[in-house]
Structure formats: structure tokens, C-alpha cells
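For the protein sequence lines, the chains are A and B, in the order given. What the first sequence shows, in the numbering used here, is residues 1 to 96, in sequence order. What the second sequence shows, in the numbering used here, is residues 97 to 549, in sequence order.
If you're looking for bench data, these hints aren't it; they were derived computationally from the structure. Treat each hint with caution, since some may be false.
Computed footprint of chain A on chain B; a stretch qualifies when at least three of its residues, placed anywhere within it, have a C-beta under 8 Å from a C-beta of chain A [as the list claims (entries may be wrong)]:
| id | stretch |
| --- | --- |
| 1 | 121–132 |
| 2 | 502–509 |
Derived lysine to any residue pairs resembling SDA-like cross-links, with alpha carbons at most 25 Å apart [as the list claims (entries may be wrong)]:
| id | chain 1 | residue 1 | chain 2 | residue 2 |
| --- | --- | --- | --- | --- |
| 3 | B | 539 | A | 94 |
| 4 | B | 147 | A | 6 |
| 5 | B | 147 | A | 9 |
| 6 | B | 539 | A | 9 |
| 7 | B | 539 | A | 93 |
Source: prediction; values computed, not measured. The beta-carbon is built from N, C-alpha and C at its ideal position, and this holds for glycine as well.
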Amino acid sequence: MALLKRLAEHDRDVLPFTLDGQAASGLRGDTLLTAVLTADDYLRGSDFSAEPRAGFCLMGACQDCWVRLGDGRRVRACSTLLEADLRVSREPGRRP
Amino acid sequence: MSGQDVVIVGAGPAGIRAAQTLVAYGLRPSLIDESLRGGGQIYRRQPENFKRSAKALYGFEASKAQAVHATLDRLQKDIDYRPQTLVWNSEQHTLDTLCDGVAEQVRYRQLIVATGATDRILPVPGWTLPGVYSLGASQIALKFQGCAIGERVVFAGSGPLLYLVAYQYAKAGAQVVAVLDSSPLSAQARALPALLGQPATLAKGLYYRAWLTAHGVAVHQGVALRRIEGERRVSAAVYAADGQEQVLPCDAIAFAHALRSETQLADLLGCDFAWSPLNRAWLPTRDAAGRSSVDGVYLAGDGAGIMGADAAEMAGELAALTLLGDIGYTVDRTRSLALQQRLEAIQRFRRGLETAFPFPEDWAARAPDEVMICRCEEITAGDIRQTVAQGHWEINRVKAMCRVGMGRCQGRMCGLAAAEIVAQSSGRDISGVGRLRGQAPIKPLPFGVETER
Chain A
1 MALLKRLAEH DRDVLPFTLD GQAASGLRGD TLLTAVLTAD DYLRGSDFSA EPRAGFCLMG
61 ACQDCWVRLG DGRRVRACST LLEADLRVSR EPGRRP
Chain B
97 MSGQDVVIVG AGPAGIRAAQ TLVAYGLRPS LIDESLRGGG QIYRRQPENF KRSAKALYGF
157 EASKAQAVHA TLDRLQKDID YRPQTLVWNS EQHTLDTLCD GVAEQVRYRQ LIVATGATDR
217 ILPVPGWTLP GVYSLGASQI ALKFQGCAIG ERVVFAGSGP LLYLVAYQYA KAGAQVVAVL
277 DSSPLSAQAR ALPALLGQPA TLAKGLYYRA WLTAHGVAVH QGVALRRIEG ERRVSAAVYA
337 ADGQEQVLPC DAIAFAHALR SETQLADLLG CDFAWSPLNR AWLPTRDAAG RSSVDGVYLA
397 GDGAGIMGAD AAEMAGELAA LTLLGDIGYT VDRTRSLALQ QRLEAIQRFR RGLETAFPFP
457 EDWAARAPDE VMICRCEEIT AGDIRQTVAQ GHWEINRVKA MCRVGMGRCQ GRMCGLAAAE
517 IVAQSSGRDI SGVGRLRGQA PIKPLPFGVE TER
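Chain A extracted, bound-state conformation:
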């Protein structure tokens, strides 16, 4: 279930992408964080206990929103804009 709620700027192009291999969509101008968290409720698993995380600072400081893209790049979801057909995958984190 979505974490973020859209309140404004609804009238934008729809961009398809995949989230962990499943079809998803966001809007042009969304960050990856927005696109993922208006569809689901986490971005990654934490490094030492695989607890769900969904970012925290949204300004590139906390480093808790890294996701992986289809081309192997790892990016901060809060500061990367969604592009059509991106393949976004979430890292599960490590269990102790």
C-alpha cells in the first residue's frame, strides 16, 4: 500500500517503470522515491537487520533511500528523477 499521498500536480505524463520486475507507473517529474512510495511502502532493507526503510531526509543527506537500476547503477531515490522504462529494484538488506 502506498506511503505517500499525492495532493497536487496530478496532470502530468504517466511514465511506466518496473519495480522489482513488476509493472508500475509514476508521473513525469516524480523522483524515484515518489514513484515507488506512491505505489508501495518501502525502498530498501536496512544493512544489518533487513528492516524496511523508506528514506528519511529527502535531501541527499541520510543515505537511506538507495535503490538499484537495471543498468547496475545505485542511486539515491530522493534525488533521481523517474524516466520511462527504468528498471528499479530494491535491495532486501542483510539479516543478522
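Knowing the structure of chain A, use the given hints to seat chain B on it.
Then chain B, alone, in the frame of chain A:
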């Protein structure tokens, strides 16, 4: 290797005004900024295809925000503007940058550091759950993305941003469950004399507060957020009022206790730091004109002490004028002095704000052992206290022993809270446990970085 003689790091209000001033004297500075479109955090711009008006985004500050943005747009042909570029290291008049996976080195003779601030976070149990964000983050979600952080939002902590963001959310149609302000009304009454020095800013703060009450939003003062409940995401905020715990069902919480300066770059540059009781933090020292302790390095804006966006604009211009004077330009001395006087007036107001929104001195003593302090390395208050019990009390030593502050964010989120726990459990004053040192790279670098040749 590339670059100009003068480089500015940070394209917020301070960096933009600094660039404008240098250009006015015929220089062509580089302006390096991590963000997509500049403006800084408080005047952050929405993506180009968004349509909300400046008034809708920035409210009373719309004209100031627009002026700063228009200045950056006008300057672009006259400066070497480098958006989406991270400065991750600096040595001997060289900055190491990273832009779109490509590493580069930028030389400078003079440098203006305008690195801004992030929220000051005092963790409570449950703060790593999805649905919990910093106050600044909740504002960015709305301003930059048109989103609320949830359906039913609680705002907690203290500081001017608390009421502003709650107001912006309610006005945008979000359901604001409550505002939990840790500072008591009596503190705000005590602060009035100092706050009256900037009546317009004071009036805005009172307006947000009154608007929330008039629109039926519960505002609780002198209450502390104790913990956040939820399984895989937020389900409730628990706060203490008059010794009683109250549970507020909600699906999102934004919290912070004012702001902290982003000082890592100044640290790598070798700037002297001093303890600032007002900011309750170690800050790079600067003279009244904006010079750091290092020749050719100037400091402006919230990155050298929290004073807000208006002060940042002034400090950016002032630092640029000082720099120009230092390298032999004839500059307008009366303008410099006027800026210094206005900055001093804002500093007095800032003291008033600190009285109105006092730091919750009991936070560390009340923090339970199980509260996660370092969300990167997953280190709890109990882990830190155990390290202190082994005889360690200097923050860098504590970091080496238990890894608090050693993770990806380099202590940006946890460093101040960790120091509070160390001070509390070692019986020392917060100014006596040392300063967490910055290390390059100051933000994580991906593997496989290309280098420009």
C-alpha cells in the same frame, strides 16, 4: 582538471547571492551544487513541468524565493554553473567532484562554502519505520513533489519549521492529526522581547499557529514525542503530556528539533571550529565579514551556523564582497558594514528563537537503551552507553569502538544525538565530548566512477 579562480559550493540563497556579487565585479565564478535546479532547501524549486504558483509553494516568502531563482537563471550565462554535482573531497586548492558518475577535479584560488543545513534529529524508538520523515523532508515532499508523507500526519519536535510545515500541509489539503511542540508556552512568552526585533518574522510564526488552531488542528505545547509505533510502517505516535502517555493513531510523522549546519567540507578544508552554545554544535569559525580561519576560504549561510534564508542571502553577498576586497578589488565598504549590522540583528532574533524553542535538555536522559541512534550502522543508545561504560567518552573514540556515526551518512543524522548520549552517560558537558571529524568521501561514492582526462 578545470575550473575558475573563485568557486562557490552550494546554490542556495547564500551561494546565489555570492555568485551575483562576484559577477557584478566582473568575475566568472564556478557555482557547484548537488541539487537538480538550485535554490537550496527552503527555496527548493519544483520540477520544470510542475505548475503550482510561487505563492502556493512559498507563501509569504514567494517574492524572495522568486527573486533568488530569477537571479540564478540570469547568472547562468555569466558563471560556470554545475548542478547535480557533489563535492566529496578537498585538498590543496582542489575540489574533487562527481557528476553523473564522472569524477573531476576543480581548482580554486578562493572558495566560498555555502553548504546549508539539514534537520537536527533527536531519535525516538520507531523513528526508522517507513512513514517517519524529518520535518524538512515532509516539506520537500510537498513543495518539490506535490505529495504528503501520508494520509494522517503528526508533526512533532520544535522550531519555526514545525508550525510552518504543519500549516502548509493543512492548507494543501492534508489531514494534520496534531502538532506536538516540545517547547512550553512559557518559553515562547520569555522569548518575546528578543523576537520583537524582527516583527514580520514573529508575526508569520504567530499566524501559522493561529491558523492551525482556527482550522481545528490540535496543537499541544510542552509535550514530548516518546515513541513511534508500527509493524512495518507507522501506526501511531505516542507522546507524554503531564506525565500521561497519549496515543495518536496516524500513518506518518514528521519530526525534528530545528536545524544543524552541514560542516563536513569546512572540516576537510582545515577550518578551525569552535563550540557554539547557541547552536549547541561545533561550527567553523568566521569573522564578522565571512572569512574562515583558512586563507582564501569564506563561509556563508546556514552551513556556518543556523540563521535562516534571509541571513543567508546577506551573508553570501557579504562573503563575496570580503573576498573581492581581499584580492584587491575596491568594494563598497558601506554596503559590507550595513550587511554586517543586519546580520547582527538577525543573530539577536536567533537567540530569541532559541529561547522560544529550547533544546530539550532531558532528551538524552530519557532516551531508552533500545532507541536506535545510528540508522546506518544500527547502533542503539544502549550500545553507546556500554562503550562509555568501558571508559570511552571522546566522540571519535566512541565512533571507533561502536561504529556510531561511521555509516553511509557519516553521522549527519545521528552525530549530534550520539554526542548527547555520550555526554549524558559520561557525566560531561555536551561541549566536552569532542567533535565528530569529517572524512573523505563526505558522501558515498558509487563503484565504477569514471575520471575525466
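Report task. For the pair supplied as a hint, residue 539 of chain B and residue 9 of chain A, confirm whether the alpha-carbon distance does not exceed 25 Å. Result -> violated (32 Å)
Query raised in the report: At a Cβ distance under 8 Å, does chain A reach at least three residues of the stretch 502–509 of chain B?
Result: The restraint on the stretch 502–509 of chain B holds, since 5 of its residues have a Cβ under 8 Å from chain A and three suffice.
Query - Pair hint residue 147 of chain B and residue 9 of chain A, alpha-carbon separation not exceeding 25 Å - result: holds (7 Å)
Query - Three-residue Cβ test at 8 Å for the coverage of the stretch 121–132 of chain B by chain A - result: Coverage by chain A holds for the stretch 121–132 of chain B (3 residues, Cβ < 8 Å).
Requested in this report: Take a quick look at whether residue 539 of chain B and residue 94 of chain A sit within 25 Å of each other, Cα to Cα.
Outcome: holds (22 Å)
Query - Satisfaction of hint between residue 6 of chain A and residue 147 of chain B, Cα-Cα up to 25 Å - result: Since the Cα atoms of residue 147 of chain B and residue 6 of chain A sit roughly 14 Å apart, the hinted pair holds (cutoff 25 Å).
Report task. Below or equal to 25 Å on CA atoms is what counts here, so check residue 539 of chain B against residue 93 of chain A. Result -> Holds, at about 20 Å.
Figure legend: structure checked against the earlier numbered hints; the only hint not met is number 6.
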